[in-house]
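Q: So the chains spell out like this:
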Amino acid sequence: MGVRELTYGEAVREAIAEEMRRDPRVFLIGEDVAEAGHPFKTLLGLVDEFGTKRIIDTPISEPGYAGIGVGAAMTGMRPIVDVMFGDFITLTMDQMVNQAAKAHYMSGGKIKVPIVFRTTLGATRRSAAQHSQSLHAWVSHVPGLKVALPSGPYEAKGLMKTAIRDDSPVVIFEDKMMYRVKGPVPDDDYTIPFGVAEVKREGRDVTIVATSSMVDVALGAAKKLDEVGISAEVIDPRTTWPLDKDALIDSAKKTSRAIVVDEGYERYGVTAEIASVIADGAFYYLDAPVKRVGAMDVPVPFSPVLEDLTVPNDQRVFEIARDLCQKK
Amino acid sequence: MTTQTIEPRMELEQHLHMYRQMAKIRAFEEQVNELYKGAKMPGLAHLYVGEEAVAVGVCEALRRDDFITSTHRGHGHCLAKGAAVHRMFAELLGKEPGYCRGKGGSMHIADPETGNLGANAIVGGSAGIATGAALSAKMRGSDQVAVCFFGDGALGQGLLYESMNMAALWQLPVIYVCENNLYGEYTPGHETIAGDILARPRAVGVHAESVDGQDVTAVFSAMRKLVERARRGEGPAFLEAKTYRYYGHHVGDVNREYRTREEEKEWMTKHDPLQTLATRLMQQRLVDTETFDRIAADVKTEVEKGVEYALAAPYPSPEQVTEDVYSS
Ligand SMILES: Cc1ncc(C[n+]2csc(CCOP(=O)(O)OP(=O)(O)O)c2C)c(N)n1
Ligand SMILES: [Mg+2]
Chain R
50 MGVRELTYGE AVREAIAEEM RRDPRVFLIG EDVAEAGHPF KTLLGLVDEF GTKRIIDTPI
110 SEPGYAGIGV GAAMTGMRPI VDVMFGDFIT LTMDQMVNQA AKAHYMSGGK IKVPIVFRTT
170 LGATRRSAAQ HSQSLHAWVS HVPGLKVALP SGPYEAKGLM KTAIRDDSPV VIFEDKMMYR
230 VKGPVPDDDY TIPFGVAEVK REGRDVTIVA TSSMVDVALG AAKKLDEVGI SAEVIDPRTT
290 WPLDKDALID SAKKTSRAIV VDEGYERYGV TAEIASVIAD GAFYYLDAPV KRVGAMDVPV
350 PFSPVLEDLT VPNDQRVFEI ARDLCQKK
Chain P
383 MTTQTIEPRM ELEQHLHMYR QMAKIRAFEE QVNELYKGAK MPGLAHLYVG EEAVAVGVCE
443 ALRRDDFITS THRGHGHCLA KGAAVHRMFA ELLGKEPGYC RGKGGSMHIA DPETGNLGAN
503 AIVGGSAGIA TGAALSAKMR GSDQVAVCFF GDGALGQGLL YESMNMAALW QLPVIYVCEN
563 NLYGEYTPGH ETIAGDILAR PRAVGVHAES VDGQDVTAVF SAMRKLVERA RRGEGPAFLE
623 AKTYRYYGHH VGDVNREYRT REEEKEWMTK HDPLQTLATR LMQQRLVDTE TFDRIAADVK
683 TEVEKGVEYA LAAPYPSPEQ VTEDVYSS
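Residue numbers (this note's numbering), protein chains in the order written: chain R, 50 to 377; chain P, 383 to 710.
Do not take every clue at face value.
[Claimed, not checked] Which stretches of chain R does chain P cover? Using the computed rule of at least three CB atoms under 8 Å from a CB of chain P, they are:
hint, stretch
1, 171–185
2, 354–360
[Unchecked claim] Listing some non-contacts, in silico: residues in chain P with all C-beta distances to chain R over 12 Å:
hint, residue
3, Leu394
4, Glu395
5, His454
6, Glu495
7, Leu499
8, His589
9, Gly617
10, His632
11, Arg667
Rather than coming from a laboratory, the hints here were simulated on the basis of the structure.
C-beta atoms are modelled at their ideal positions from N, C-alpha and C, and glycine is treated no differently.
Produce the complete structure using the sequences and hints provided.
A: Here it is, written out as structure tokens:
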């Protein structure tokens with residue numbers, strides 16, 4: 050057993066391969082997932098090991114194969130449904146939200162839907178408004194779905210394995226800008242429990258809650274804050290549902306200030322929910338209102354000069370945190 | 383292949399015009415590839431090289447006020463419908479004078495002035511839009527026609543069949559033009575399309591036919607009949623144009639492992655749309671090679687000037703990022 054450097058994409062692939070070896074009921078279905086190994090190359094080689102019966106290429110029929118996944122999950126299989134871009138969950142919504150999410154409850158607990166929807170989030174790839182959104186808040190809103198947001202290679206493997214073993218529907222959003230990012234990943238069979246936040250960096254003066262792509266941004270901001278004598282704690286919830294409310298509240302109680310950073314549209318989003326959880330749970334300990342930093346409330350523009358303005362960056366988080374800390 | 387004969391005079395003018403349009407599209411796309419290779423264009427682009435006869439033959443049969451909806455592989459459609467080269471380049475570079483003020487980029491060029499309701503990055507995403515434009519034409523009592531361009535990949539999307547069903551029920555003036563280039567991304571059509579393509583529209587009562595998409599004369603004459611039919615209120619039609627893209631799925635797809643070099647060569651040498659038309663016109667002794675050289679030189683200049691203009695054009699200003707989200 051050891052720890053190697055893997056890319057985020059390799060970590061995803063390793064998780065899926067290990068789970069497919071362990072459990073013959075696991076299969077993967079989606080567009081260009083077999084020989085092509087996925088447009089992002091994350092699934093390269095899986096078809097060689099598992100064949101086209103378990104790595105299934107589909108027509109461009111997202112609602113159809115998502116539904117096929119739900120039916121297979123109800124009847125003894127454990128599908129991973131691959132939705133190439135997070136923007137395309139708009140097409141699979143009915144199957145995710147009205148079918149997969151509700152079957153267990155509506156059947157009084159008789160029907161299980163152990164399915165994983167694997168998709169992406171993240172802007173700045175210069176892909177414009179229909180290929181750049183971070184729509185994880187939409188599904189986090191729906192009772193019956195669990196939502197995981199891996200923030201690095203270690204999380205990408207551990208959360209994917211947990212998702213595959215979970216008996217409920219899970220939607221996992223990978224940051225498409227992070228596929229080539231490297232990090233230490235154990236080669237053993239570890240999992241990361243859902244609903245357990247991780248403190249990425251301890252601090253005393255301000256808590257920065259950050260998800261997925263924004264964890265690195267928060268860590269960058271924390272470094273800058275260090276230089277001006279502000280000690281920031283960075284905490285990654287890892288799943289938006291289940292949500293580790295206690296960990297977030299405890300951190301805010303300790304530092305007395307909190308900022309929430311997430312790449313979804315700022316309004317009605319993940320930042321709002323988490324800010325409210327903290328405001329509620331840590332109210333008497335807070336020295337300042339909880340701040341939210343999300344993506345700008347505009348469709349993602351193509352032009353790089355505009356697109357870069359729409360996503361939070363470390364400088365902006367740094368400035369907000371610095372201002373917050375001076376507001377004694 | 384050269385069974386089509388060309389009637390002198392007017393038809394010659396028209397054919398030379400179509401040749402010029404195809405040559406312009408090809409030169410434009412070759413330049414886009416250069417921009418990509420020189421790292422001057424943000425993001426990716428899906429080139430139309432090889433498929434020129436489809437867009438040109440179809441749009442030649444349309445009036446300026448007729449509508450089209452386009453796809454991710456849309457530059458050819460936009461140009462054939464009358465878009466200007468320099469503003470197309472400006473959009474591809476994310477510049478302010480681009481057709482969408484730099485907000486859309488390669489996959490979203492829209493130009494209502496020429497009836498172009500927009501390219502679409504969602505495969506099959508415009509089937510409803512084109513059908514709705516046809517409904518609107520009918521409701522407004524205009525005799526406009528709408529054309530929906532889409533690839534063979536979009537045959538997987540349910541929206542297409544829902545739309546065709548309604549178009550047939552309500553006898554709408556819409557023509558579904560399927561650009562069958564044998565592949566959807568990296569997967570061949572025979573792995574994703576069951577049964578007979580034309581049987582699908584026919585099942586819902588939509589008139590359907592196939593045409594050699596490499597022969598602009600054939601595309602134009604097939605299309606002219608379908609457009610006249612639609613204008614007379616005789617309802618929707620489906621035209622399958624058999625074609626081939628010379629480059630990869632997008633500019634970054636250079637290895638093309640999913641198809642053979644022999645297959646590519648076969649299409650490029652025996653079914654090239656420009657060559658096919660040029661040969662026909664020369665065999666009938668209607669023009670000489672100098673005519674084509676002159677056209678090639680003209681479009682080269684137009685493309686060079688266009689790209690120069692776009693490279694020098696300004697980026698949008700930062701305030702523009704929040705403009706255009708709503709109409710008022
Ligand atoms: C709904 C949706 N699913 C998947 C994609 C990713 N994608 C972009 S182009 C493409 C292939 C389209 O093939 P086809 O319609 O045949 O057009 P072609 O590229 O061959 O012109 C795919 C799968 C997408 N853009 N939209
Ligand atoms: Mg195709």
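Q: May I ask you to check that leucine 499 of chain P keeps its beta-carbon over 12 Å from the closest beta-carbon of chain R?
A: 15 Å, holds
Q: Is the nearest CB of chain R more than 12 Å from the CB of histidine 454 of chain P?
A: Histidine 454 of chain P is in fact no farther than 12 Å from some Cβ atom of chain R, at 9 Å.
Q: Could you check that no beta carbon of chain R comes within 12 Å of the beta carbon of arginine 667 of chain P?
A: At roughly 46 Å from the nearest Cβ of chain R, arginine 667 of chain P sits farther out than 12 Å, so the non-interface label holds.
Q: If we take the beta carbon of histidine 632 of chain P, is the closest beta carbon in chain R still more than 12 Å away?
A: 9 Å, violated
Q: Is it the case that leucine 394 of chain P keeps its Cβ farther than 12 Å from each residue Cβ in chain R?
A: 41 Å, holds
Q: Taking 8 Å as the Cβ threshold, is the statement that the stretch 171–185 of chain R is covered by chain P upheld or broken by the three-residue rule?
A: holds (count 7)
Q: Taking 8 Å as the C-beta cutoff, is the stated coverage of the stretch 354–360 of chain R by chain P satisfied by three or more residues?
A: holds (count 4)
Q: Was glutamate 495 of chain P rightly flagged as not at the interface, with every chain R Cβ beyond 12 Å?
A: The claim holds: glutamate 495 of chain P sits with its nearest Cβ about 20 Å from chain R, beyond 12 Å.
Q: Would glutamate 395 of chain P pass as off the interface with chain R, using Cβ distances and a cut of 12 Å?
A: Given a closest Cβ separation of 38 Å, the condition holds.
Q: Minimum C-beta separation from histidine 589 of chain P to chain R exceeding 12 Å: can you confirm that?
A: Given that every Cβ of chain R is farther than 12 Å from that of histidine 589 of chain P, nearest at about 24 Å, it holds.
Q: Confirm or reject: glycine 617 of chain P is not an interface residue toward chain R, with every Cβ-Cβ distance exceeding 12 Å.
A: Glycine 617 of chain P clear of chain R: closest Cβ-Cβ about 26 Å, beyond 12 Å.
Violated hints for the displayed structure, listed by number in ascending order: 5, 10.
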